[in-house]
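J.: Chain by chain, the residues run as shown.
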Amino acid sequence: QEKVQQSPESLIVPEGAMSSLNCTFSNSASQSIWWYQQHPGKGPEALISIFSNGNKKEGRLTVYLNRASLHVSLHIRDSQPSDSAVYLCAVSYNQGKLIFGQGTKLSIKP
Amino acid sequence: EAGVTQSPRYAVLQEGQAVSFWCDPISGHDTLYWYQQPRDQGPQLLVYFRDEAVIDNSQLPSDRFSAVRPKGTNSTLKIQSAKQGDTATYLCASSFKSQNTLYFGAGTRLSVL
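Those sequence lines, one after another, are chains A and B.
When we follow the working numbering, the leftmost residue of the first sequence carries the number 1, and every step to the right adds one.
When we follow the working numbering, the leftmost residue of the second sequence carries the number 111, and every step to the right adds one.
Worth flagging that the hints you see were computed from the coordinates, not collected in a lab.
Mixed in with the good hints there might be a few duds.
[Stated by the list, open to error] Have a look at the derived ranges for each label pair, beta carbon to beta carbon: (1) A/75 / B/176: 40 to 46 Å; (2) A/11 / B/171: 29 to 35 Å; (3) B/174 / A/95: 32 to 38 Å.
[Claimed, not checked] Dumping the calculated BS3-like pairs for lysine-lysine here, alpha-carbon to alpha-carbon at most 27 Å: (4) A/42 / A/109; (5) A/42 / B/193; (6) B/188 / A/97; (7) A/105 / B/188; (8) A/3 / A/57; (9) A/105 / A/3; (10) A/3 / B/207; (11) A/56 / A/105; (12) B/181 / A/105; (13) A/3 / B/181; (14) A/3 / A/109; (15) A/56 / B/207; (16) A/56 / A/97; (17) A/97 / A/109; (18) A/57 / A/97; (19) A/57 / A/105; (20) B/181 / A/97; (21) A/105 / A/42; (22) A/42 / A/3; (23) A/57 / A/109; (24) A/57 / B/181; (25) B/188 / B/207; (26) A/42 / B/207; (27) A/56 / A/3.
We treat Cβ as the ideally placed atom computed from N, Cα and C, and that holds for glycine.
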């Protein structure tokens with residue numbers, strides 16, 4: 001069974017600093033890895049995805065994927081109070097199956 | 111372009127009552143997902159469809175939950191006899207072809223007393 005584990009459960013970061021979130025997954029047959037952002041009372045919104053080993057940058061976001069260690073990380077540069085939210089790691093498998101981790105609650109302190 | 115629409119936004123039930131949730135996906139999206147998200151947890155996949163066909167319902171408690179998507183557009187998720195453990199937000203999402211971005215609705219928050 002596919003499992004996705006995220007760490008830490010919660011994270012407090014000063015405004016302007018780097019936020020770093022981690023995710024491990026159990027099945028090497030995964031397709032893409034996704035990061036979603038969820039604000040209270042709203043549905044998750046896709047931020048960034050990665051398929052190949054290595055890194056991918058989009059604006060203030062950088063994702064690193066290591067398929068050998070089944071590990072992916074998300075880094076948010078110059079963190080802003082508006083980045084405060086729950087971040088969900090999700091792993092896609094064949095036929096579009098998408099499995100989520102339990103989430104990391106990020107709080108940015110002004 | 112309209113997003114994914116879900117109704118109702120909230121539902122409060124006594125144990126043993128039935129409830130239905132309705133989802134209207136983004137027009138043209140062939141894949142539709144239902145997730146259950148308990149408080150302070152990640153979304154857990156219940157069932158997903160491609161067009162009107164069920165692709166995976168292995169995590170749907172089949173004795174009390176059912177889901178349909180008869181014309182490959184709107185979908186209904188039903189709980190026959192709700193339990194307190196069903197208290198959660200029920201999220202619907204849609205995508206165009208597998209491996210593409212999922213777009214989520216705002217969810218239905220269910221409380222079972």
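J.: Determine for every hint whether it applies to the structure shown.
T.: So, going through the hints one by one against the coordinates:
no.	hint	verdict
1	A/75 / B/176: 40 to 46 Å	holds (42 Å)
2	A/11 / B/171: 29 to 35 Å	holds (33 Å)
3	B/174 / A/95: 32 to 38 Å	violated (25 Å)
4	A/42 / A/109	holds (22 Å)
5	A/42 / B/193	holds (24 Å)
6	B/188 / A/97	holds (21 Å)
7	A/105 / B/188	violated (30 Å)
8	A/3 / A/57	holds (26 Å)
9	A/105 / A/3	holds (19 Å)
10	A/3 / B/207	holds (23 Å)
11	A/56 / A/105	holds (22 Å)
12	B/181 / A/105	violated (38 Å)
13	A/3 / B/181	violated (32 Å)
14	A/3 / A/109	violated (31 Å)
15	A/56 / B/207	holds (23 Å)
16	A/56 / A/97	holds (23 Å)
17	A/97 / A/109	violated (36 Å)
18	A/57 / A/97	holds (25 Å)
19	A/57 / A/105	holds (22 Å)
20	B/181 / A/97	holds (21 Å)
21	A/105 / A/42	holds (14 Å)
22	A/42 / A/3	holds (24 Å)
23	A/57 / A/109	holds (24 Å)
24	A/57 / B/181	violated (40 Å)
25	B/188 / B/207	holds (25 Å)
26	A/42 / B/207	holds (24 Å)
27	A/56 / A/3	holds (23 Å)
When the structure is compared with the earlier hints, violations turn up for hints 3, 7, 12, 13, 14, 17, 24 and for no others.
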